[in-house]
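These protein sequences, in sequence, are chains A and B.
Converting from the first sequence to this note's numbering requires adding 315 to each position, the first position being numbered 1.
Converting from the second sequence to this note's numbering requires adding 289 to each position, the first position being numbered 1.
Mixed in with the good hints, there may be bad ones.
Here are some chain B residues pointing at chain A (derived, C-beta under 7 angstroms) [claimed, not checked]: (1) Lys298; (2) Asp327; (3) Phe331; (4) Ile334.
Keep in mind the hints are simulated off the structure, nothing from the lab.
Given the structure is predicted, the values throughout are model-derived calculations rather than measurements.
Where a beta carbon is used, it is the ideal one built from N, C-alpha and C, also for glycine.
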Amino acid sequence: AQSVTQLDSQVPVFEEAPVELRCNYSSSVSVYLFWYVQYPNQGLQLLLKYLSGSTLVKGINGFEAEFNKSQTSFHLRKPSVHISDTAEYFCAESGGTGGFKTIFGAGTRLFVKA
Amino acid sequence: DTAVSQTPKYLVTQMGNDKSIKCEQNLGHDTMYWYKQDSKKFLKIMFSYNNKELIINETVPNRFSPKSPDKAHLNLHINSLELGDSAVYFCASSLGSKTYEQYFGPGTRLTVT
């Protein structure tokens, strides 16, 4: 069955430090990959998506992600985080064998400290 | 302009009651979804409609019934509420499926006492 694994449930980091949030997907067929962010008491909003083409995808708020087919990974990175980046981050996959469904990972809580 | 709206934002009710949550999107999307997010932030798809047709119906109790009167609306009715139904329920919409990102509403926090 399709699955998305976010390897870290929580990532504490100091302000202005770089961060990487890790995501692995399971599908062996073509998939579409997404990163969403959820700020406290809000719905999810799209950070970036990979459909095809260049494996390095740039998103909003300075985030980027790299699609790696051989490692079935789609890790999210930011070179310098701000306090305002504190939020829950979700990796998601659609396409694959899941049909119409988008499968979400369990989320990674990014906590940026001053 | 609110893209995806849900009402109510908070819902506190007692076990055994029946309640509804309403969702509307003004994005012109043809696919809408209901998700349940538990206290550990895990997001689980419940239902999805495409052009008013049910296309995803996950394993949820039949006490939950979605209804899509038109493409812009997807409501969720819950009968005989139980303590375990307490969660945040999110409505979302997308232009299509698979390749299109989803736009989420602000959520409805349901508390069953």
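Hints and how they fare:
Interface restraint check for lysine 298 of chain B: the shortest CB-CB distance to chain A comes to about 9 angstroms, outside 7 angstroms, so the restraint is violated. Proximity of aspartate 327 of chain B to chain A is violated relative to the hint, the smallest CB-CB distance being about 10 angstroms (cut-off 7 angstroms). With 7 angstroms as the threshold, the beta carbon of phenylalanine 331 of chain B comes within range of chain A, its nearest partner Cβ sitting at about 6 angstroms, so the hint holds. The restraint placing isoleucine 334 of chain B at the interface with chain A holds, with a minimum CB-CB distance near 6 angstroms, inside the 7 angstroms limit.
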